[in-house]
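Visitor: Now for the letters of each chain:
Protein chains: 2
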Amino acid sequence: MKFEIKKKSKKARVGNLALVHGDVKTPAFMTVGTYGSVKSLTNQDLKECNAEMILCNAYHLMIRPESNLIEKAGGLHKFMNWSRPILTDSGGYQVFSLSNQTKVSNHGVEFKSPLNGNKLFMSPEKSIETQLYLGSDIMMIFDECTSYPSNEKDTEKSMELSLRWAEMSFNANNSNMPLFGIVQGGMYLDLREKSLNELLKYNFDGYALGGLSVGEPDHIRREVIEAIGDKLPANKPRYLMGVGKPLDIIHAVNNGIDMFDCVIPTRNARNGQLFTNYGVLNIRNRKYEEDLRPIDQSCGCFSCNNYSRAYIRHLDKCNDILAARLMSIHNVYFYQEFMGQIRSAIDNDSLEDLIKKTENNYISI
Amino acid sequence: MKFEIKKKSKKARVGNLALVHGDVKTPAFMTVGTYGSVKSLTNQDLKECNAEMILCNAYHLMIRPESNLIEKAGGLHKFMNWSRPILTDSGGYQVFSLSNQTKVSNHGVEFKSPLNGNKLFMSPEKSIETQLYLGSDIMMIFDECTSYPSNEKDTEKSMELSLRWAEMSFNANNSNMPLFGIVQGGMYLDLREKSLNELLKYNFDGYALGGLSVGEPDHIRREVIEAIGDKLPANKPRYLMGVGKPLDIIHAVNNGIDMFDCVIPTRNARNGQLFTNYGVLNIRNRKYEEDLRPIDQSCGCFSCNNYSRAYIRHLDKCNDILAARLMSIHNVYFYQEFMGQIRSAIDNDSLEDLIKKTENNYISI
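Residue numbers (this note's numbering), protein chains in the order written: chain A, 1 to 365; chain B, 1 to 365.
For the record, the hints were derived by calculation from the structure and aren't laboratory data.
Being a predicted model, the structure only gives us computed values, none of them experimental.
Errors might be hidden in some of the hints.
Since the list gives no way to pick one copy over another, a pair counts as held whenever it fits inside one copy or between any two copies.
[Stated by the list, open to error] Under the rule of at most 16 Å between Cα atoms (straight-line distance), these lysine to aspartate or glutamate pairs were calculated in the EDC-like manner: (1) LYS245 / GLU125; (2) LYS72 / GLU289; (3) LYS78 / GLU290; (4) LYS194 / GLU216; (5) LYS78 / ASP291; (6) LYS78 / GLU48; (7) LYS357 / GLU193; (8) LYS72 / ASP291; (9) LYS317 / GLU66; (10) LYS72 / GLU290; (11) LYS119 / GLU66; (12) LYS2 / ASP190; (13) LYS287 / GLU66; (14) LYS8 / ASP230.
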């Protein structure tokens, strides 16, 4: 892995991240392909949406497919026929948000499979082992995701456990594949700093902010990012996990963040919420019933080049899954375009203007 | 419309059907796009599957979209952005199979919209009017579809009503767009002949067999087709409506039929049933769990070029609609390939061999 910063504008950075499966321009947004697929989209759709790197979940792919099928297939890239970079989440967040009856110890977490109730065990070692056989371009350490709200004492305890697991994850990586550390500490800035300082010992290949976008108000999330974003090592990629909305992204970029992932563009697309250069548009709104314009006249995506709002709305009303696909294509494309606009704005030292425009369009979501 | 027969081999014919929106090679299979879309597939997918002509339903498109949106959009081709030919079904079959509380008179059918319970009226005039504003390349007369089983007296009455409506449909067509007649008469060969002889008066642009594939045993359907298929005017396209399975298609071709439509390839795809050159394959079968081969190694479709059975099965298990799409692409492509094989076999006077092969592969479905 090679990370190169090409331009700085105040705290914001434009860079290039060279990975085993190709280059990724930063700031970058990763579309989420939980189970080894971005719902409704093929590899070709993703390429046509200019997606460079996607995120898949080790937790989900450990549970399903149940066998060692992906290993047999020669790794996740071959299994899903995706030739560009993949980052895998470690499963920490999912173990706590999706499983029942979790039993946490210093060694890891025992939990019941939501699929069949089987007892499963996830640990730093197991997570790294899984991510290694998946063959991801960037692995994440296994951590505990602190819920919100959480008092300072519980948050500290959780953060300390994550630090222990960070060390175990680091030691479990017997490869030279990149591994990122994850800063925890909830909404407590001193705990965030402590977490970061401890993680620096391991000289991880990149540093992420975890435990955000877990239900806290926007302004609290932004305070944390503002305080800690630019303190993450400057020569390494900085990744804000699970975020998010266009305004959150651009604010974080303005505080030095380079990488993002979120289910919003794809999940919201399936519910009819579309992102445009003029704000959001909900296709289920009656006012689009006879609107023969594309979703966004300034957009170059396949859906906007081929179909009208009225037609997509008609498909959605008829429960044709083509609607979900056309809207997913649009939103994935929009997010990649948005990241391109951000990179250009940094190159031109005009990020403030784009922030203002984004605030105008997206203040309400 | 211009129909040219290029080669005959016994009763089977290879031809070309020149329509406003392009040429269609016959024998032809039309994929069904009920609501103005082939479920899960874009125009581009359909072209890549070599689909030449699709079928849409006037009944469905009269009910939804509710307004005169398609007319405003400039017709169905523009609304759904499909530049190749479209045949529209008249709605006769659907009025009887999908509606409640139908009230039939000589003038037409009153029924309740399954969407909102509103009273609607469908008549020969209304059907032709609808098909004209949709702008289809081939329109069908409005008919009554006789259910199965039905005694001879009821069948005759129903057939007589369809003849009355055929005349009304013919008179309602104030355009020069092609209109096909539909031969009814259930499973009674003398009624079929009577229906055909009456319809010949109107010199329709093509002749269809309706009222088949309505629940009758395969051998009865085949007897009717054998008796009547080659009696349809030889210089005009002959269309067997709502059929069907590969074996039904090839038997009908062998009896002089040129055109087909059926939901089987797309509907069955969404349920995991795939057509291959070696018979059917159900992706949900456990034996494909770790099968890293494509659906059909001899197939050139996008899905077979890109993905394995195990991956598609995994997507299906995860309820990713991408599974439905990949399987639809495969089946639509397969059917077009199959029709191509049929045309080649007629060209080479080797249809019997292909029938035997098809019997071996598809006798069970």
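Visitor: Work down the list of hints and note, for each, if the structure agrees.
Guide: To see whether the hints hold, each was checked on the structure:
1. For a Cα distance limit of 16 Å, the shortest separation of LYS245 from GLU125 qualifies neither inside one copy, at 33 Å, nor across copies, at 52 Å.
2. Only between protomers do LYS72 and GLU289 lie at most 16 Å apart by alpha-carbon distance; the minimum there is 12 Å, versus 48 Å within a single protomer.
3. In the homo-oligomer, the alpha carbons of LYS78 and GLU290 lie at most 16 Å apart only across protomers (14 Å), although the nearest pairing inside one protomer, at 43 Å, exceeds that limit.
4. Within a single copy, LYS194 and GLU216 get their C-alpha atoms no closer than 21 Å, and across copies no closer than 76 Å, so neither meets the 16 Å cut-off.
5. For the homomeric pair LYS78 and ASP291, the shortest alpha-carbon distance between copies (14 Å) is at most 16 Å, but the shortest distance inside one copy (42 Å) is not.
6. For a Cα distance limit of 16 Å, the shortest separation of LYS78 from GLU48 qualifies neither inside one copy, at 19 Å, nor across copies, at 23 Å.
7. In this assembly of identical chains, the alpha carbons of LYS357 and GLU193 never lie at most 16 Å apart, being 32 Å within a copy and 72 Å across copies at closest.
8. For a Cα distance limit of 16 Å, the shortest separation of LYS72 from ASP291 across copies, 10 Å, qualifies, whereas the shortest one inside one copy, 49 Å, does not.
9. In the homo-oligomer, the alpha carbons of LYS317 and GLU66 lie at most 16 Å apart only across protomers (11 Å), although the nearest pairing inside one protomer, at 35 Å, exceeds that limit.
10. Proximity of LYS72 to GLU290 under the C-alpha cut-off of 16 Å is restricted to the inter-copy arrangement: shortest distance 8 Å between copies versus 50 Å within a copy.
11. Taking the closest pair of Cα atoms, LYS119 and GLU66 come within 16 Å of each other only inside a single copy of the chain (13 Å); across copies the shortest separation is 52 Å, beyond that limit.
12. Taking the closest pair of Cα atoms, LYS2 and ASP190 never come within 16 Å of each other, the shortest separation being 31 Å inside a single copy and 81 Å across copies.
13. In this homomeric assembly, LYS287 and GLU66 come within 16 Å of each other (Cα to Cα) only across copies, at 14 Å, whereas the closest approach inside a single copy is 46 Å.
14. Taking the closest pair of Cα atoms, LYS8 and ASP230 come within 16 Å of each other only inside a single copy of the chain (12 Å); across copies the shortest separation is 77 Å, beyond that limit.
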